[in-house]
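Trainee: Below, each chain spelled out in residue letters.
Number of protein chains: 2
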Amino acid sequence: MTLPTFDDIKAAAARLQGVAHRTPVLTSSFLNGLTGNHLFFKCENFQRAGAFKFRGAYNALAQLLPEQRRRGVVAYSSGNHAQGVALAAKLLGISAKIVMPTDAPAAKLAATRGYGAEVILYHRYEEDRAAIAREIQQKEQRALIPPFDHPHIIAGQGTITLELFEQVGTLDILLAPVGGGGLISGNAIAAHQLSPATQIYGVEAEVANDAYLSLQKGERVSIPVPPTIADGMQVTSPGEITFAIMREHLAGVLLVSEEEIKNAVRLVLERMKILIEPTAAVPVAAALKNEPAWRGKRIGIIVSGGNIDMAKLVTILA
Amino acid sequence: MTLPTFDDIKAAAARLQGVAHRTPVLTSSFLNGLTGNHLFFKCENFQRAGAFKFRGAYNALAQLLPEQRRRGVVAYSSGNHAQGVALAAKLLGISAKIVMPTDAPAAKLAATRGYGAEVILYHRYEEDRAAIAREIQQKEQRALIPPFDHPHIIAGQGTITLELFEQVGTLDILLAPVGGGGLISGNAIAAHQLSPATQIYGVEAEVANDAYLSLQKGERVSIPVPPTIADGMQVTSPGEITFAIMREHLAGVLLVSEEEIKNAVRLVLERMKILIEPTAAVPVAAALKNEPAWRGKRIGIIVSGGNIDMAKLVTILA
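For the record, the sequence lines run as chains C and A.
Counting in my numbering, the first sequence runs without a single skipped number right up to 318 at its last residue.
Counting in my numbering, the second sequence runs without a single skipped number right up to 1318 at its last residue.
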């Protein structure tokens, strides 16, 4: 098991320079007043392809050997990783096949195809997407680009905190959603290198608490596919690498309810005028829930993405 | 009739320094690809109180004499001017009464009261808000802060283009919504001082075409209160000052349908991840409609605000 280092994250940042957007950090006097803290929203919903996933995908694809690039890549994803890999592949001139669930948001399916990738559909509750991807990998000799449990993916995601700290300085607390753990792992390494005192919390939906249970037990725990509105969290267990990093760096995992997630989407839309997807609203919900010890704190929130079907948004707002 | 000058706009910018937000300019590769132009969205939906109106209101209130400040202000508004005046009054320690229609978006009523202003309700289709405001003005000796037809208001709004040109350079075309004309007037003066070749178009809803008709006829035309979803355009005629400025500076007024306005709100939300109100979507709709002569143009769009009831948004998205 190779763990990514801070140098890997800096190298990723150099690769992403001029390719990924340096996303803005937004603040809201209203939400600061509501919580009594200083909240800094790092807006990866404005990232290319609408989510942070592009960073890790591009960092991984850019490091493929010429022979691998020629044979192409294959990936599986509940949504944003698919678009990230598809766009990165397009920019680098690499063929991409993406295994996606039949119930993935229509906009994500369309966007993935729009970037020129071939989409292979599977049934989320019946088939094993990893097995399907492995079959394509072996048959066509394509490089498998995993959604989170790879040092290159993790290092790419970690570039978010490099930017965030440059933009606003160091933070007391950093909140990020935990799906497979790639996002929080990379950013935990970056944050603790730059500011060892920063407390880093992963946030999960209550029904998608695989990282919470795993950290509690001290080993990786598997849960059934969680029925959460936060579709980026429909992951059954943390990765091997991401679990090791989370154990080392996390102050804890916070849990929020489905209702709290929906309220956060609504409030951020109404007051901050930005669209965030349910998975991105998970750490926002934790900030609104507001731990008793948090007063006057500088809290960074990684807003992971903004890809949400309008039909789903309507059900949240109505 | 005193027309505001470019120097008035520069003086307004100095007053607003550190008080109003310097709003970001966003771009979208998707919308650029769709139109074949380079679109620059000047995002006043991120302005304080959620709309450009704060600029003009603060610029006007900051110039009141000490005696006037003591007696307070009164204003009438279909929404955003109310919040702008209320917030400016709060920041300057001035008492404010705001005459608002009973059917104003609930969020706008709540926000206006939230800034500490007293709201006086009237029936939009039965009562004359100007008369009600004048009565309060005379009885309580309050300064009347008109929504658009005043040099201080117009100069405040013009600071948007000062920033926009600093942020992205000069433009071939500038698009802005026209309600009473305060926004476009101030920005037309600023744009033509900095770049005489820039073509400036006002954009109206088809059913709210009072400026269009007025410019066609060469005199101010009144229409019935227009039943448009763009509530910032429920104005029956251009102002005296704003009409004079529009006559001098506008290349024309473009018209868009209610359906085109709704589509623009939806598309900007889905692709750009930002919430804009229907009035702000009016010039976006014109950019999407795309005049045949516009190809490869640098087009600035003043996104006037982001205040929209979630219930209304749902009807647009559903």
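There's no promise every hint is true.
[As the list claims (entries may be wrong)] Below, a list of computed lysine-lysine pairs in the BS3-like style, where the Cα atoms sit at most 25 angstroms apart:
no.	chain 1	residue 1	chain 2	residue 2
1	C	K262	A	K1297
2	A	K1010	C	K312
3	A	K1010	A	K1090
4	C	K262	C	K289
5	A	K1312	A	K1297
6	A	K1289	A	K1262
7	A	K1312	A	K1262
8	A	K1289	C	K262
9	C	K312	A	K1262
Rather than coming from a laboratory, the hints here were simulated on the basis of the structure.
Trainee: Does each hint fit the structure? Answer for all of them.
Mentor: Taking the hints in turn, this is what the structure says about them:
1. K262/C <-> K1297/A: With a Cα-Cα distance of about 40 angstroms, the restraint between K262/C and K1297/A is violated, given a limit of 25 angstroms.
2. K1010/A <-> K312/C: 45 angstroms, violated
3. K1010/A <-> K1090/A: 24 angstroms, holds
4. K262/C <-> K289/C: 13 angstroms, holds
5. K1312/A <-> K1297/A: 33 angstroms, violated
6. K1289/A <-> K1262/A: The hint holds at about 13 angstroms.
7. K1312/A <-> K1262/A: Distance of about 11 angstroms is within 25 angstroms: holds.
8. K1289/A <-> K262/C: 34 angstroms, violated
9. K312/C <-> K1262/A: Between K312/C and K1262/A the Cα gap is close to 18 angstroms, so the pair holds against 25 angstroms.
When held up to the earlier numbered hints, the structure conflicts with 1, 2, 5, 8 and fits the remainder.
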